[in-house]
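There are 2 protein chains.
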Amino acid sequence: MNGAESLVHTLLANGVEVCFTNPGTSEMHFVAALDHIPGMRSVLALQEGVATGAADGYYRMAGKPASTLLHLGPGLANGLSNLHNAKKAGSGIVNIIGEHASTHIELDAPLTSDIEGIARPVSHWVRTSDTAGTVGKDAAEAVQASMVTPGQIVSLILPSDTAWNDGGVPHEALDAPTPAAFDKAALAQAVEVLDGPDSLLLLGGGALTESNLELAGQIAAKTGCKLLSEWSNARLERGAGRVVIGRVPYPIDIALKVLEPYKRIVLIGARAPIGFFAYPGKPAILTRDDAEILTLADAAADLTGALVALTEATGASDTPPAHVAEAGVPERPTGPLDLDRLAQVIARGIPEDAIVVDESVTTGRAFFPFTKGAPKHTWLNNCGGSIGYSLPAAVGAAVACPDRKVLTLTGDGSAMYTVQALWTMARENLDVTILIFANRSYQILRGELTNVGVGNPGPRAIDMLSLDRPDLKWVHMAQSMGVEGCQVATCEDLEAAMETGLASPGPYLIQVDL
Amino acid sequence: MNGAESLVHTLLANGVEVCFTNPGTSEMHFVAALDHIPGMRSVLALQEGVATGAADGYYRMAGKPASTLLHLGPGLANGLSNLHNAKKAGSGIVNIIGEHASTHIELDAPLTSDIEGIARPVSHWVRTSDTAGTVGKDAAEAVQASMVTPGQIVSLILPSDTAWNDGGVPHEALDAPTPAAFDKAALAQAVEVLDGPDSLLLLGGGALTESNLELAGQIAAKTGCKLLSEWSNARLERGAGRVVIGRVPYPIDIALKVLEPYKRIVLIGARAPIGFFAYPGKPAILTRDDAEILTLADAAADLTGALVALTEATGASDTPPAHVAEAGVPERPTGPLDLDRLAQVIARGIPEDAIVVDESVTTGRAFFPFTKGAPKHTWLNNCGGSIGYSLPAAVGAAVACPDRKVLTLTGDGSAMYTVQALWTMARENLDVTILIFANRSYQILRGELTNVGVGNPGPRAIDMLSLDRPDLKWVHMAQSMGVEGCQVATCEDLEAAMETGLASPGPYLIQVDL
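Line order of the protein sequences matches chains A and B. Going by the working numbering, the first sequence opens with residue 1376, and the numbers climb by one from there. Going by the working numbering, the second sequence opens with residue 1376, and the numbers climb by one from there.
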């Protein structure tokens, strides 16, 4: 058995069943091993940003890592920004990165690069396998490292001679790591500070499951505290019958206003609110100067344990939860689309058990209030701020959950970054309906120009933030990669298009003109 | 004057006139400075791989660096693989990378990352500007560093407070660095070893200009040595009236055979030939074991000086050059396309003074013999092996040389990597004609599977190397980004399509079915 074969056997034994890939020459033995060892679903991407973003979406929905197979340093580099997003989301990913044969590296061939150096800024764990005999053990430890709460990026570098040499030893499954304990010493103080509407329970990460939100709702009912989540949540359970939780807004001035009332804040799985960016003359810390902020459990901790303990300590165990969403969607809107009517159509269209992959940036800021009473669904945000996450994440979510509908909401600028994902959706016949919000600009930056003090931008600045000239024709784009689609500008047409897309078992793209 | 304004003034004063960009919030002051300070042409890219690849193509044709403007670590990360290619090509690029305000970094916002860490593996020079007052000096030194022979990647990181604070001081132009001297001590030995057809003069980089090739041709005529260039050349001048030079082949077995005769080799701007990859049981050094290899001038040296001196030392100064290409193109082929007929149609279609950007990988291996007598043209290869270089490089070449026709030859797999470049071509109305060779697979990897010993790949392996299911529809793809195009499968249709494309002043895409 060669090193590559021991690697595939080890990944399978450790529960890794999917590989998002774009291989090259140096990975051919791994490809050969995947070919004759059954069990690993290999999903080809036409650019590595699609592969790594898909692994992010997969982890969020499957709760376990996928592998990626990347071609040397440049292949890794292409996937780096979505690894950044995955790292910030707490997603576990096992990257397998090919490397030249160990004897070849010193020759400085065209594709030679510092792979460990490229991997390190986005990885929690980096290792180069030295020999065929150690690949199996390295891979088992890599999978284990990827499952450290809340999920870690690991990069295992595989020199091609390590892959092709004999002497591979598959490694059995290692135990999954357990999360750290929450801060029990802080529990009594947390009970004390959560008291009335000027106190806030701020949740993030794994605190946003259906059952954990139920506990938070009980605590809110009992103590009168308010509930919020971070602006970007890796995975949030929503919809009728679930506890509603808002998000700290993205726009700095609105965020400051929303957080202004809170004198006492308890964090479970969330970090203290800060600005996405710094702005001249505006604070970076979004909470009031005198706010008391207490971390009961950070992202690495047992968040469910923390919420159970806090529920008991506040005496809320028998209290019915506050803020439970009643079933109900907005009235049927008609006529031309605007941002509110868009949100209303979407709210009416979300199917039961849907996965909503949201990268709507500016367009989607009003989606939450309108969609809270829709059928139960799961909402994924971009946690790292690097655009181009949603189409790949939708690929991964659809692979993880073949029985659920995936609805992707994305701005046109973001979608262009990793547009190659459409091809993978068509190839794998993934059940994804995509709404492209075509505002023909980096709309968010128009606002940011003003925020940094550029009140009256001239034509050269506007030109650098505009996506018109030429307009992107999204239906052509979709068709070029085997995805059907249509273009809409009214409520009625969007409603019909969403019905068409959601009824089909494969991908469907809707260009929504705004 | 703020730091961003001093940066723009300094770049302009140091001869940087083009910025390939995709900006974000942290770069808004730079955008504002570009807006009100005239002189910098800003070219928007919809993914940063397009921006950095364009800067590579620009340097090769303009002979001086462009700037890029990249949004924080992830924006840089998206451009990393084409920076790798540019680094291997010896192209100078001045990356301006936004960073959070210095007070914001410690807060670990979603977009925070180790920017210097991401930049270092692909950069010769990395610096973060500390204050608005030093940005000008940093920028002048950055441009100077980018022009170290043969061209270097520099990454200047600009925290947003450094950009927005007052106190910027523009810096005047610094002297361009001079190349290192060639190895004069090796000259006499070089004269001695270049003797007869078992000796080889191997050229690379700046040795491949028209006048330098003329010198090489004189040396070959006088000494009887053979001439070759590396497989990948950043820029090679070719066509009727110029000295013809072949390339060391890519496929390992053919390369070994081509180099087998040479017992004595002199290198000018080239490196000793090695395999692109290592293969089990095959050598990595492509020259014979007993070959004497002498470096007269490496890539950092004065290559013209070396060739002039060698011409004089061999007594070839009055010798007419050998291997001068006679004008002439193949007979007009007809009927269905195959690889030879494809090369013949292309050879007949290359217009005078064209820039050919070649990423044809497998399809184009026969292009050189057929095209040697075409009108004078310039040929650019991918020097770093990371696919997705050609469409962006064509953008940069067209921006650098608005009066020349750009002909891009690319495989379908490579083109998909940075397909967003089509939009920039349309927006800037760049005079680029693109041939997409649609073989619907990573054809090169089919061969590499065999090379690494996988003789009989099964369906899962084949599936990971295939681009069919679904077929890419390139005409739709082009139209989606505002580029006209057509699809051809015969010699006659390709000839007509090339005429149409080359006659138009803007971009035109031809899907060539193979």
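Hints were generated in silico from the structure; no laboratory data involved. By construction, the Cβ of each residue, glycine as well, lies at the ideal position given by its N, Cα and C atoms. Misleading hints may appear alongside valid ones.
Unchecked claim - Footprint (simulated), chain B over chain A, 3 or more residues, beta carbon under 8 Å:
1) 1462–1476
2) 1740–1750
3) 1824–1833
Is the coverage entry for the region 1740–1750 of chain A by chain B consistent with the three-residue Cβ rule at 8 Å?
The restraint on the region 1740–1750 of chain A is violated, since only 0 of its residues have a Cβ under 8 Å from chain B and three are required.
Verify the coverage statement for the region 1824–1833 of chain A against chain B, using a C-beta to C-beta distance below 8 Å and requiring 3 or more qualifying residues.
holds (count 7)
Using a Cβ cutoff of 8 Å, are there at least 3 residues of the region 1462–1476 of chain A near chain B, or does the coverage claim fail?
Satisfied; 3 residues make the cut.
Hint 2 from the list above is the single one not met by this structure.
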